[in-house]
Amino acid sequence: MSVDSATVRKIASLARIAMRDDEVEAMVPELNNIIGWIEQLGEVDVTGIKPMTAVIANTLRWRDDVVNADPQTGGNIRTKILANAPAPEHGFFGVPKVIE
Amino acid sequence: MMTNLTDLGIAAIRDGVRDGAFSAREVATAFNANVAAARGLNAFLVETPDHALRAADAADAARVAGDLKPLSGVPIGMKDLFCTEGVPTTAASSILGGFTPQYESTVSGQLWSAGAGMLGKLNLDQFAMGSSNETSAFGPVISPWRRAASNAALAPGGSSGGSSAAISARLCPAATGTDTGGSIRQPAAFTGISGIKPTYGRCSRWGVVAFASSLDQPGAMARDVRDCAIMLEAMAGFDAKDATSLEVAVPRWEAGLSGNLKGKRVGIPLEYRVDGMPAEIDALWESGIAWLKDAGAEILEVSLPHTKYALPAYYIIAPAEASSNLARYDGVRYGLRDLPEGAGLQDMYAATRAAGFGPEVKRRIMIGTYVLSAGFYDAYYTQAQKVRTLIARDFDRAFESCDLLLTPTAPSAAFALGEKSDDPLAMYLNDVFTVPSSLAGLPAMSVPGGLDAGGLPLGLQIIGRALDEQGVLNAALAIEERAGFTARPEAWW
Amino acid sequence: MVSSYRVKGATGDWEVVIGLEVHAQITSKAKLFSGASTEFGAEPNAQVSLVDAAMPGMLPVLNGECVKQAVRTGLAIDAEIHRWSRFDRKNYFYADLPQGYQISQLYHPIVGEGSLLVETEEGEKVIGIERIHIEQDAGKLMHDQHPTMSYVDLNRCGVALMEIVSKPDMRSPAEAGAYVKKLRAILRYVGSCDGNMEQGSMRADVNVSVRRTGEEFGTRTETKNVNSVRFIQAVVEYEAKRQVAVIEDGGKIVQETRLFDPDKGVTRSMRSKEDAHDYRYFPDPDLLPLVLTEEFVAECKASLPELPDAKRARFVDVLGMPPYNADVITSDVETARWFEALLAAGAEAKAGANWLTSELFGALNRLGKDIVDSPVSPVQAAELLGLVADCTISGSLAKQVFEAMLETGDGAAAIVEDRGLKQTSDTGAIDAVIDTILSSNADKVEQYKAGKEALFGFFVGQTMKAMAGKANPKIINDLLKKALA
Ligand SMILES: [Mg+2]
Ligand SMILES: [Zn+2]
Numbered sequence: 001m002s003v004d005s006a007t008v009r010k011i012a013s014l015a016r017i018a019m020r021d022d023e024v025e026a027m028v029p030e031l032n033n034i035i036g037w038i039e040q041l042g043e044v045d046v047t048g049i050k051p052m053t054a055v056i057a058n059t060l061r062w063r064d065d066v067v068n069a070d071p072q073t074g075g076n077i078r079t080k081i082l083a084n085a086p087a088p089e090h091g092f093f094g095v096p097k098v099i100e
Numbered sequence: 001m002m003t004n005l006t007d008l009g010i011a012a013i014r015d016g017v018r019d020g021a022f023s024a025r026e027v028a029t030a031f032n033a034n035v036a037a038a039r040g041l042n043a044f045l046v047e048t049p050d051h052a053l054r055a056a057d058a059a060d061a062a063r064v065a066g067d068l069k070p071l072s073g074v075p076i077g078m079k080d081l082f083c084t085e086g087v088p089t090t091a092a093s094s095i096l097g098g099f100t101p102q103y104e105s106t107v108s109g110q111l112w113s114a115g116a117g118m119l120g121k122l123n124l125d126q127f128a129m130g131s132s133n134e135t136s137a138f139g140p141v142i143s144p145w146r147r148a149a150s151n152a153a154l155a156p157g158g159s160s161g162g163s164s165a166a167i168s169a170r171l172c173p174a175a176t177g178t179d180t181g182g183s184i185r186q187p188a189a190f191t192g193i194s195g196i197k198p199t200y201g202r203c204s205r206w207g208v209v210a211f212a213s214s215l216d217q218p219g220a221m222a223r224d225v226r227d228c229a230i231m232l233e234a235m236a237g238f239d240a241k242d243a244t245s246l247e248v249a250v251p252r253w254e255a256g257l258s259g260n261l262k263g264k265r266v267g268i269p270l271e272y273r274v275d276g277m278p279a280e281i282d283a284l285w286e287s288g289i290a291w292l293k294d295a296g297a298e299i300l301e302v303s304l305p306h307t308k309y310a311l312p313a314y315y316i317i318a319p320a321e322a323s324s325n326l327a328r329y330d331g332v333r334y335g336l337r338d339l340p341e342g343a344g345l346q347d348m349y350a351a352t353r354a355a356g357f358g359p360e361v362k363r364r365i366m367i368g369t370y371v372l373s374a375g376f377y378d379a380y381y382t383q384a385q386k387v388r389t390l391i392a393r394d395f396d397r398a399f400e401s402c403d404l405l406l407t408p409t410a411p412s413a414a415f416a417l418g419e420k421s422d423d424p425l426a427m428y429l430n431d432v433f434t435v436p437s438s439l440a441g442l443p444a445m446s447v448p449g450g451l452d453a454g455g456l457p458l459g460l461q462i463i464g465r466a467l468d469e470q471g472v473l474n475a476a477l478a479i480e481e482r483a484g485f486t487a488r489p490e491a492w493w
Numbered sequence: 001m002v003s004s005y006r007v008k009g010a011t012g013d014w015e016v017v018i019g020l021e022v023h024a025q026i027t028s029k030a031k032l033f034s035g036a037s038t039e040f041g042a043e044p045n046a047q048v049s050l051v052d053a054a055m056p057g058m059l060p061v062l063n064g065e066c067v068k069q070a071v072r073t074g075l076a077i078d079a080e081i082h083r084w085s086r087f088d089r090k091n092y093f094y095a096d097l098p099q100g101y102q103i104s105q106l107y108h109p110i111v112g113e114g115s116l117l118v119e120t121e122e123g124e125k126v127i128g129i130e131r132i133h134i135e136q137d138a139g140k141l142m143h144d145q146h147p148t149m150s151y152v153d154l155n156r157c158g159v160a161l162m163e164i165v166s167k168p169d170m171r172s173p174a175e176a177g178a179y180v181k182k183l184r185a186i187l188r189y190v191g192s193c194d195g196n197m198e199q200g201s202m203r204a205d206v207n208v209s210v211r212r213t214g215e216e217f218g219t220r221t222e223t224k225n226v227n228s229v230r231f232i233q234a235v236v237e238y239e240a241k242r243q244v245a246v247i248e249d250g251g252k253i254v255q256e257t258r259l260f261d262p263d264k265g266v267t268r269s270m271r272s273k274e275d276a277h278d279y280r281y282f283p284d285p286d287l288l289p290l291v292l293t294e295e296f297v298a299e300c301k302a303s304l305p306e307l308p309d310a311k312r313a314r315f316v317d318v319l320g321m322p323p324y325n326a327d328v329i330t331s332d333v334e335t336a337r338w339f340e341a342l343l344a345a346g347a348e349a350k351a352g353a354n355w356l357t358s359e360l361f362g363a364l365n366r367l368g369k370d371i372v373d374s375p376v377s378p379v380q381a382a383e384l385l386g387l388v389a390d391c392t393i394s395g396s397l398a399k400q401v402f403e404a405m406l407e408t409g410d411g412a413a414a415i416v417e418d419r420g421l422k423q424t425s426d427t428g429a430i431d432a433v434i435d436t437i438l439s440s441n442a443d444k445v446e447q448y449k450a451g452k453e454a455l456f457g458f459f460v461g462q463t464m465k466a467m468a469g470k471a472n473p474k475i476i477n478d479l480l481k482k483a484l485a
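Chains A, P and W, in that order, give the protein sequences. Start counting the first sequence at 1; every next residue gets the next number (our numbering). Start counting the second sequence at 1; every next residue gets the next number (our numbering). Start counting the third sequence at 1; every next residue gets the next number (our numbering).
Next comes chain A alone, as it looks inside the complex (with noise of 0.2 Å):
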C-alpha cells in the first residue's frame, strides 16, 4: 500500500488534526517509509493463529453495582470534573455551538 497525499488528508481528519499542505507533504514519505517497514509482517504464516487478547493470562473481573464504592471512581465530585475546564459554564463544560 502506498499512502498518498489524499489519504494522509483523509486520516488526519479522521484523527483531528490539521495540518497545512506542507505538513501533508512532508508526512507522506515518512508514513510510507514507516509502513513500508511494517508490511513486512504479511511475510509471516499466521495459518490457525489466534490474535492475541490478553498477555498475560488473565480474566475479566466485575466490581458490584454499587455506587460511589469507591471515591476515587465513583460521582459527586463535580469541583474535580470541572476544575481544569478551559471554559466552565454554570456546571456546564462550555463548547463552541454545535448544530446537530
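You can take every hint at face value.
Simulated crosslink set (SDA-like; lysine to any residue; CA at most 20 Å straight-line):
(1) W/K90 - A/S13
(2) W/K90 - P/A374
(3) W/K90 - P/G375
(4) W/K68 - A/R61
(5) A/K50 - W/H82
(6) W/K90 - P/S373
(7) W/K140 - A/P86
(8) A/K50 - W/P289
(9) A/K80 - P/Q102
(10) W/K90 - P/T382
(11) A/K80 - P/E85
(12) P/K308 - A/V44
(13) A/K10 - P/Y377
(14) W/K140 - A/A87
(15) W/K90 - A/P51
(16) A/K10 - W/H277
(17) P/K308 - A/L41
(18) A/K10 - P/A374
(19) A/K50 - P/D378
(20) P/K420 - A/E30
(21) W/K140 - A/N76
(22) A/K97 - W/F93
(23) A/K97 - W/Y92
(24) W/K140 - A/P88
(25) A/K97 - W/T148
(26) W/K90 - P/F376
(27) A/K97 - W/H143
(28) W/K90 - P/A379
(29) A/K97 - P/A343
(30) A/K97 - P/L339
(31) A/K50 - W/W84
(32) A/K10 - W/D278
(33) A/K10 - W/Y92
So the derived label-pair ranges between C-beta atoms look like this:
(34) W/G128 - P/D347: 41 to 49 Å
(35) P/D19 - W/E299: 56 to 64 Å
(36) W/E306 - P/E400: 51 to 59 Å
(37) P/E400 - W/A302: 40 to 48 Å
(38) P/D347 - A/P29: 25 to 33 Å
Since the hints were derived computationally from the structure, they do not count as laboratory data. The structure displayed is predicted, hence computed values, not measured ones. Every residue, glycine too, gets a C-beta built ideally from N, C-alpha and C.
Start from chain A and add chains P and W with the ligands according to the hints.
Relative to the frame of chain A, chains P and W with the ligands by itself:
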C-alpha cells in the same frame, strides 16, 4: 557525618535514617539542592521540594514514633506520566498544558503511603513516545554522560529519560519509569543505571497517562538491583481499578535477592545477534554469559524465531492503541484549547490537537489511525496481534528449556541528541531487543555491564517468565556483582 | 403473516422494510464502567466520575450487574448467549463522548440471535433479533443556553445500555410499533430496563428502506434516537413516503443518519454525523475478554420470571380467561403483577379480570394514575369482588362501593356496613314487596300471563327499586317466577 548523602541509594538512605546516621530532612535537602543545581539537564519538568521535605519530616517523626515505613526518608523522582494530585502533570505534551490532576495514580499513591517523598516530576518523551527524550514539548533531557573528549549532548534514552538522567546524575536515588517497548530498560542502559519492567499487570496503570494500554507497564529505576527490588515492591500490587491488574501477592523481592544462580538455565536467543551489531555489544554479551556461568547458571542457546517481526508488530499495535487513547485530548475538559475565530466544535478539535501534539505523537496517531481505518484493520492490526501471539509462543517454548534469557539491552550506547531524530525508523530500531518481551508482557530488566570505547555505559537485559521478577532480579544481581560497574558521569552541569 | 401495508407511489406500490436498533438503559445503580450513580435528574455533571470524564490515566472496570441483565434479556428472547464476548472501541469525536471512543461490542456481542413474537391486527409474526450488545451511553449537549456555546453535561455518560438490533423483518408502522411494545414489555418483565421512553431509557434508531415487493432491499436511512412508539411509526411513514418520492423523481437514496423533528413530523439529515462512517473499531485493550461460566448463565436463567407469552397462555388455558382480557393484563408487567396479587388475595379470575380491565382501568384513567399508584390495593379489591361473589352486594352497588373506596380509602365491607348497602336475601321481605307490586299492576300481570314475557324484566326492576337496590337479584328472580306462575 556522611561523605555525600546524594551518593546513597534507597537501601542506604532507608537504613541510615533508621539507624539515625542522618535525618531524612538532611537527605531531602541534599537532593533538593542537587535538583536545583542541575536545571541544565532539563530532567525535571516540575520541582516539588516541599513534597520531599514534608515526607522527610514525616519520616523523621516516624523514626521517633517507631513506625518507619519501607521507604521512609527516601525522596524519589516521578516520571511525569503519573498523575499526581495537585501537581501539574503533562506527559511532556503541550496538550496537557496547565493540567493539574485532582487525583493520585495508584502507583504514586502507594509510594507516598510507603513513606517516599517526591523531588519533582521528570521529563520524558512526549506521551512516552520516543527513545531519546527529544519528543518532549519542553525540550530534551540532556544526559549527564559525555563521550570521552567530547562535549556533544547525548540522549539519556527514552522515554523515561528524565528518570535515567536524574538517577545517574545523583538528582534522586530512584525514580519511577514506564515501559511500553523499552522505555525503562533502554534509558537505564544509556545512563549506567538499573531498571526493571515487571510482568504486565504487576503495577497498576490507574492514573498513568496511557500510551498503549496493552503494553504500558510502570516499573522501577535506580542505581542498583537491590534498590530496584525495594522500589518495585512498593509500586506493585493488585488494583481493583485496573481491569488488567493481576490479582497476585507481591513477593518480598528484596528479601529474596541472591546472586547465586546454581540450577538456573539461561537461554541466549540466537535471533538477537542482529546484523551490524557493534562488536562492543557482542563482547559485552559474552561477558554477561561468562558472569552468569560464574554465578552457577547453565548457558544454552535458544531460538525465538519471530523476533524480527516484533518491531513492525509493535509499530502497528502501539500506535493503534495510542491513536484511540489520545482521542480524549480534545480541548473540552482539560488542557489546551485552541479555538480559532469562528471555529466549530470539530475545527476546535483539529486546531487544538494540531497545536498540542508534537510531531512524533502526530506521526504515531496518524499511523495508528491508518492501520485501524476501514479496509486495513485486518491486514495490519489483526495480523499484528496474531504475530504477537506467535512472539509470546516463542518465549513460552524457550522457557520450556531455560529459566531466563540474556540479551543486550540496546544495539548501541547512547547516541547524540539530533543524531537519529530525523529518521523515525532508525529511532524505532533502537528498541529491537526490548520490544519482544514487551509484546509478551514478560518481566525484563537492564543492568549496567560495562563501558564502550567512548566511555559510555552499556546494559545487559535479563528477561524472565511471567511473574518471575525474582529470577530476573537475581540474575541481574549476579551480573552487577561481577561487572564491577562503578563508572559515573562527572558533574559538568 | 404478510403485511398488506404499501406506500402508494406515482408508479405503483412500494413495500417498506424496517429494522430497529433499540437502545435500552440497563437497570443498574452504578454506571457500566464507573461507580457514579445512574439516577435521573441530577445537577449537571454531578454524577460524573473521573473515569466518565475521561481524565488522563482513567480505566474502565465492568459492572457485573449489567452483564447479568443483558444475559437475562437474551435468555428472555430465546437468544444464543455467547460464553466469550469482548468490548471494542468505536472511535469518533464528539463533545458528548469524552474518551473519543464509545466502549461497545462490535465483533463479539454478548447475545446472539433471538426472536420476538408480535401481534398486529393482521395477525402474529416472528421478528428476528440479530444481537444484543452492551455499550456506554453518551453525555448530553444543550444548545439553547448560550448564544455561541453548547453546554456539555456528562451525567448520562457511561450509563449502561443494551443495544437490541432487530433483523430487517418489519414491513409496516404497525409491526414496528408492536415490536417495540412487545420488547418493552419483555424488558420490564425481566427487569433489565424500566422501559421509560419519556426519560430516554428506551429509544430507537429506525432503519427504513423501500422496495418493490419481491425486489432486493433498497438503500436505508437511519433516524436516530426516536423516543416513542408513535414517533417511531411516524418516522417509518414519513421516511417511506420521502424515499418513494425521491426514487420516483429519479433520485437516489443516500445512506445517512437522520434526525426526527417531532413538532413538524419530518426527518432531516444530521449534519454533525456526516463523516462519522469510519469508526476504527478495535478490541479495548483496557478490558479483557468477557467469559461467562455455565453456572452463571444457569443462574440468570433461573432468575427469569414467567414471561408475557407464557403468562397469557396460562391465563387463557388454565384460568379460562377470554384472550382479550389475558392480552391486556399480561401486556404490562405491573398490570400482571397487580392482577396476580388480586388472585392471591382470593378474587376469582374471570370476574377479577373483567373488573380490572373495566372498573379499575377506568378509574385510573380518570385519575391519571399508573396501576402501581392505584389508590385501591389488590387486597382491598379482592374484598370488594368477594362481596359481589357472595351476593352481599349487587354488581351495580359494587360500582358505588368502589367509588366510595376511591374517595375515602376505606375497605369495601366497612363501606357496605356503614352505608347500609348490604343486599337482603330475606325472602319474606322480598315476597311482601312482590305482593304489593303485583297487586298494583294487575293489568301487566294479566298481559304477562297472556304471553308477554318481556314484562318479567319490568317486575324485577320494580321490585329492585322498591328494595332500594339492596335485594339479591337471583332471589328476586326466583320469587317472582314463583309468584307469577
Ligand atoms: Mg444505530
Ligand atoms: Zn448503540
